[in-house]
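Visitor: What follows is each chain in one-letter form.
Protein chains: 2
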Amino acid sequence: MSTSWLDEIKWTEDGLVPVIAQEAGSGQVLMLAWMNRESLALSVQEGKAIYWSRSRGKLWRKGEESGHEQIIHDIRLDCDNDVILLEVEQKGGIACHTGRHRCFFKQLQGDQWVEVEPVIKDPDTIYK
Amino acid sequence: MSTSWLDEIKWTEDGLVPVIAQEAGSGQVLMLAWMNRESLALSVQEGKAIYWSRSRGKLWRKGEESGHEQIIHDIRLDCDNDVILLEVEQKGGIACHTGRHRCFFKQLQGDQWVEVEPVIKDPDTIYK
Numbered sequence: 002m003s004t005s006w007l008d009e010i011k012w013t014e015d016g017l018v019p020v021i022a023q024e025a026g027s028g029q030v031l032m033l034a035w036m037n038r039e040s041l042a043l044s045v046q047e048g049k050a051i052y053w054s055r056s057r058g059k060l061w062r063k064g065e066e067s068g069h070e071q072i073i074h075d076i077r078l079d080c081d082n083d084v085i086l087l088e089v090e091q092k093g094g095i096a097c098h099t100g101r102h103r104c105f106f107k108q109l110q111g112d113q114w115v116e117v118e119p120v121i122k123d124p125d126t127i128y129k
Numbered sequence: 002m003s004t005s006w007l008d009e010i011k012w013t014e015d016g017l018v019p020v021i022a023q024e025a026g027s028g029q030v031l032m033l034a035w036m037n038r039e040s041l042a043l044s045v046q047e048g049k050a051i052y053w054s055r056s057r058g059k060l061w062r063k064g065e066e067s068g069h070e071q072i073i074h075d076i077r078l079d080c081d082n083d084v085i086l087l088e089v090e091q092k093g094g095i096a097c098h099t100g101r102h103r104c105f106f107k108q109l110q111g112d113q114w115v116e117v118e119p120v121i122k123d124p125d126t127i128y129k
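Chains U and W, in that order, are what the protein sequence lines are. Heads up: take any position in the first sequence, counting from 1, add 1, and you land on this note's numbering. Heads up: take any position in the second sequence, counting from 1, add 1, and you land on this note's numbering.
Heads up, some of the hints might be wrong.
Which copy is meant is left open, so a pair is good if it fits within one copy or across any two.
Subject to a maximum C-alpha distance of 20 angstroms in a straight line, what follows is the list of computed EDC-like cross-link-like pairs (lysine to aspartate or glutamate) [to be verified]:
#1 K92 / D123
#2 K11 / D112
#3 K49 / D112
#4 K122 / D81
#5 K59 / D81
#6 K59 / D15
#7 K92 / D8
#8 K11 / E116
#9 K122 / E90
#10 K122 / E70
Please keep in mind that the hints were generated in silico from the structure rather than gathered at the bench.
The following block holds chain U by itself, in its conformation from the complex (with noise of 0.2 angstroms):
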């Protein structure tokens, strides 16, 4: 299979490009992470998000010890090729690693950030 799909993509001065997460049926956006060629070659292939971890400098296969997986049913990209949009079913319905559904539970309230949603999980059973 070509790869000048990956090409198309104008990468940061890091290599890399935000990857938005968006869940399939709901609509809601789940959380925004970073891909670099290699892990945006290897979810396609394996049909999974694998993104790529700035605070660990390695691959982050989402899901891996929670079991919380992203399986990929649609990749976008935008019109200046410089951000990926993902339709993902989330495998476990918890995307965030505080144990909540999505990543975006803090709502601008006034001049307050107050978390809106629930935690799910209890992170400490999720990660072992």
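Once you have looked at the hints, place chain W on chain U.
Guide: Showing chain W alone in chain U's frame:
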């Protein structure tokens, strides 16, 4: 109004934060852009999306020329405090500068990016 909520955001070295704009109602992810401290404060103050244009190095009042403003309904921050999600009403139904509803109109099909969403309005008639 206190601005400590702005201090809670983990800005990049360049003082920016990525911002996802999602359409209220349809749930479609329209675009990803960037904000700095000033543009986010102004967005909250005016209730409309005001981004920071990295290419032009200045405030980008979305819809200023085109009329395609984004009215903010909800503002979320993620678990790591480094990504913002806006729920917006997209005026004119066009978020993308190509005249399409949204920026994510290229779909990966096999090893090719294919444009799968129509141009609603010729950009030449949007920007005078």
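Visitor: Return the numbers of the hints above that this structure violates; sort them in rising order.
Guide: Failing hint: just 7.
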